[in-house]
Each structure stands twice: as C-alpha cells, then as structure tokens.
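All residue numbers for the sequence shown refer to the UniProt record's numbering, where the first residue is 1 and numbers rise by one.
Misleading hints may appear alongside valid ones.
As the list claims (entries may be wrong) - Pairwise CB distance ranges (calculated): (1) Ala326 with Met44: 30 to 38 Å; (2) Pro148 with Thr347: 47 to 55 Å; (3) Pro182 with Glu251: 30 to 38 Å.
Said to hold, decoys possible - Pairs of lysine-lysine, BS3-like flavour, derived with a Cα cap of 25 Å: (4) Lys343 with Lys275; (5) Lys264 with Lys343; (6) Lys147 with Lys18; (7) Lys233 with Lys264; (8) Lys207 with Lys24; (9) Lys343 with Lys304; (10) Lys264 with Lys275; (11) Lys18 with Lys207.
Honestly, the hints are just simulated from the structure, not real lab data. This one's a predicted model, so the numbers in the text were calculated from it and none came from an experiment. Glycine is no exception: its CB is placed at the ideal position from the N, C-alpha and C atoms.
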Amino acid sequence: MYELNLDIAHFLEHYWQKRPLLIKGGFTDFQDPISPDELAGLAMEEVIESRLVTRFDGKWAAEHGPFESYDHLGEENWTVLVQACNHWAPEVHELALPFQFIPGWRFDDVMVSFSTPHGGVGPHIDNYDVFITQGQGKRHWRVGDAKPLEEFAAHAALLHCEPFEAIIDAIMEPGDILYIPPGFPHEGYAIEPSLNFSVGFRAPDAKALISSFADHLIDNDLRTERYGDPDLKPRARHGEIQPHELHRLRELMQQALDDETLFKEWFGTMISEAKHDLDVSPMEPDYSAEEVADLLTQGEPAIKVPGLRSVWFSGESRSCYIDGEAWTLPSEDAAAISLLCDKDIITQADMVELADQAGFLQLLTRLINRGYWFFG
Numbered sequence: 001m002y003e004l005n006l007d008i009a010h011f012l013e014h015y016w017q018k019r020p021l022l023i024k025g026g027f028t029d030f031q032d033p034i035s036p037d038e039l040a041g042l043a044m045e046e047v048i049e050s051r052l053v054t055r056f057d058g059k060w061a062a063e064h065g066p067f068e069s070y071d072h073l074g075e076e077n078w079t080v081l082v083q084a085c086n087h088w089a090p091e092v093h094e095l096a097l098p099f100q101f102i103p104g105w106r107f108d109d110v111m112v113s114f115s116t117p118h119g120g121v122g123p124h125i126d127n128y129d130v131f132i133t134q135g136q137g138k139r140h141w142r143v144g145d146a147k148p149l150e151e152f153a154a155h156a157a158l159l160h161c162e163p164f165e166a167i168i169d170a171i172m173e174p175g176d177i178l179y180i181p182p183g184f185p186h187e188g189y190a191i192e193p194s195l196n197f198s199v200g201f202r203a204p205d206a207k208a209l210i211s212s213f214a215d216h217l218i219d220n221d222l223r224t225e226r227y228g229d230p231d232l233k234p235r236a237r238h239g240e241i242q243p244h245e246l247h248r249l250r251e252l253m254q255q256a257l258d259d260e261t262l263f264k265e266w267f268g269t270m271i272s273e274a275k276h277d278l279d280v281s282p283m284e285p286d287y288s289a290e291e292v293a294d295l296l297t298q299g300e301p302a303i304k305v306p307g308l309r310s311v312w313f314s315g316e317s318r319s320c321y322i323d324g325e326a327w328t329l330p331s332e333d334a335a336a337i338s339l340l341c342d343k344d345i346i347t348q349a350d351m352v353e354l355a356d357q358a359g360f361l362q363l364l365t366r367l368i369n370r371g372y373w374f375f376g
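With these hints in hand, go ahead and build the complete structure from the sequences.
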C-alpha cells in the first residue's frame, strides 16, 4: 500500500487546478509496482493501448502498438507508453488509491512509461490533471506557466508546443511526484533508464459534454420538445432571425439540459463507461446467490475488477451506474449503493448493516457473473 506524504487540504486549496507542484519524497521508499519487462509484455497485447515515441537524428516519430521487440531501437532516445495499466495489473491499480481524495468520476487511468536515456515525448500541453510519480531511474522535468503557446504536429501522432520558460526545473528521483494541472506546458527526459507512473484525471470541456449529451438523446431515441411558433406574425424581411426566436431556440435546448432525470441518466452512463478495455471475465457457469453468500460467509471477499468505474449521485439510494449502465436495487439502501461505488472490496461484515441484504446479494451476484467483481 502506498502512503502519500502530502497535506491534502493545503494542496487542494493552493495547488489543485491552480499551479503545478513538485512533491519531493511524495512516496517514501517507493517500489515500482511493475517492471520494464512486465510493461513491455503489456505493450505486446492487442487490446491494450500503447505508443512508442522516438527521437533519432533530431526527428521525432510516434507509432501505436502492439510491439513485439525493441532490440532495433538501441539504448537511447525512445519511450514506450502503456495506457490504463491499472486495468491489467492490480499492483499498478494500488498506486491510484492514495489519490482517492479526488472524486472518482474525475479519475481516468494510470499510464506507465519506460524511457531510455534522453527518451521522452517532447514539450506538450495536456488537457487533464496528472500526478507523475518517478519510479526507477532519474528524469529531468521542466514545467512552464499556463500561457498561450503555439502547438504543432511534430509527427502525425505527436503534438508539441513551442519552447517555454520553466517555473519548475528539477531532477526527479524514485518516489518524487510532479502534479501538473491542465494547460501547463511540460517536458521530461530520462537521465537513466526510467519508469514513470502517471495518475490522470479527466477534465472534460463543454464541447465534449454537449456532444456526448446529444449522442445520448439520439442513441436512445429520446423524445424532446420540438420548436413551435404559433404566435408567428407577418414580417417583411424573409431572411431575418429575430431575438425572440433565438431565445426560444435556446430555451428549447435548455429544457433538455434541465430535465434532472435525463441529465443524470446521461452523465452517469457516460462518465462510468471505461475508455479502455477492462480485464473482465464473465463467470461460466454463473454463480447462484446462495453460492455467493456461502463464499462471503467463508471469508472470501468480492473484489472489484481494477479500473471498473462505478458512480452514484448524492441523494440517490436505489440506483448507480457501473461501466456505462444503470443498475437498480430492489429497495432503497444508500449504504448498499455506497458499498458498490465507494469501495474496492466487499466482505460479509460490510453487508451486516444493509437494510436489504437479500436484494443486495441478488444484485452483487449479477455483477459477479458479469465479471465486474470476483473472488480471489
């Protein structure tokens, strides 16, 4: 278990979404949760998103995996990055747990990279919050202020920004953590063979949210109000759009957004859906509720699949959203909903205080059979 050396309240007040922070010794006696060889093994898998970034003879290049070998690359100037390693390596998932003071719906994944000396991805700007932990090796990091910078394609799959003046310029060693909010330019290059672990948090913009909301309406064939103008008056200017018409159109769109049930249904579905594949194995044959109860009674915990996204809304006590789907309990029980969404492990002791243990057990059995929780 990793213990974060950080005053969380002070960090949230003074740094979160405001300015970058270098946390020297953020993790004491840090041990890599995964080795370079294990990371290379994940990068060989078709279902796992990976990327290779190189810079040879001053030319940047990037390509997507899977990758079979790195022998042809030499000993310097390349980096391999693997997304959502927490979905496939429980040890990497544990590295995200100390950051659970940030709302779970904001969490994205843990990306792991291995870099040879001088390897990196170049100067760039991210649109999400990230905590970068230094594993083995050392890496030189520079972070600039959040100012308008020109961005350009250094390669078809690699977006860079123009040079910037650093406000953080430091060499990171194992256990050091660098927090970077959205919009701050940064670049890091390995001094020696290095592992880096990036715990990222989504920061969606209005464009993405509106697009997703519209897709939800269309995909689910949901009825909305249609524009009407029964009070129309004759007009001389045929091509004119009048202010009251524009206002009515805006109100029409706002009505859909103001539908609380519809809005929650969309957001819960959207935000709980995994961006990357999960290591999910449905049960064959299915467990019965009695078998699940017996295993829990015997002390076997039900463990949530690493990376599974589960969220609930304050005030809701019957339903939650898991992996892009709404799930409902037979009766209201806020403690049961919290158990599914706020914890990674469910034990028999957790169920003792539930109002409807039988109803919860039925739902948990369905989730286990789907492969979302498992005994191990």
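Consistency of the hints with the structure:
Taking 30 to 38 Å as the suggested C-beta distance range, the pair alanine 326 and methionine 44 conforms, at roughly 36 Å. Judged by the Cβ atoms, the range 47 to 55 Å given for proline 148 and threonine 347 holds: they are separated by roughly 52 Å. The hinted window of 30 to 38 Å between proline 182 and glutamate 251 holds, with their beta carbons roughly 32 Å apart. With a C-alpha separation of about 21 Å, the suggested pairing of lysine 343 with lysine 275 holds against the 25 Å cut-off.
Simply put, lysine 264 and lysine 343 have alpha-carbon atoms about 22 Å apart, close enough for the 25 Å limit, and the pair holds. At roughly 13 Å between alpha-carbon atoms, lysine 147 and lysine 18 fall within 25 Å of each other, so this suggested pair holds. Distance hint between lysine 233 and lysine 264 is unfulfilled; the C-alpha atoms sit about 38 Å from each other, more than 25 Å. At roughly 36 Å between alpha-carbon atoms, lysine 207 and lysine 24 are farther apart than 25 Å, so this suggested pair is violated.
With a C-alpha separation of about 8 Å, the suggested pairing of lysine 343 with lysine 304 holds against the 25 Å cut-off. Between lysine 264 and lysine 275, the direct Cα distance comes to roughly 19 Å. Compliance with the 25 Å bound is thereby established for this hinted pair. Between the alpha carbons of lysine 18 and lysine 207 the distance comes to roughly 22 Å, so the proposed pair stays at or under 25 Å and holds.
The structure does not agree with the numbered hints 7, 8 stated previously, though it agrees with the rest.
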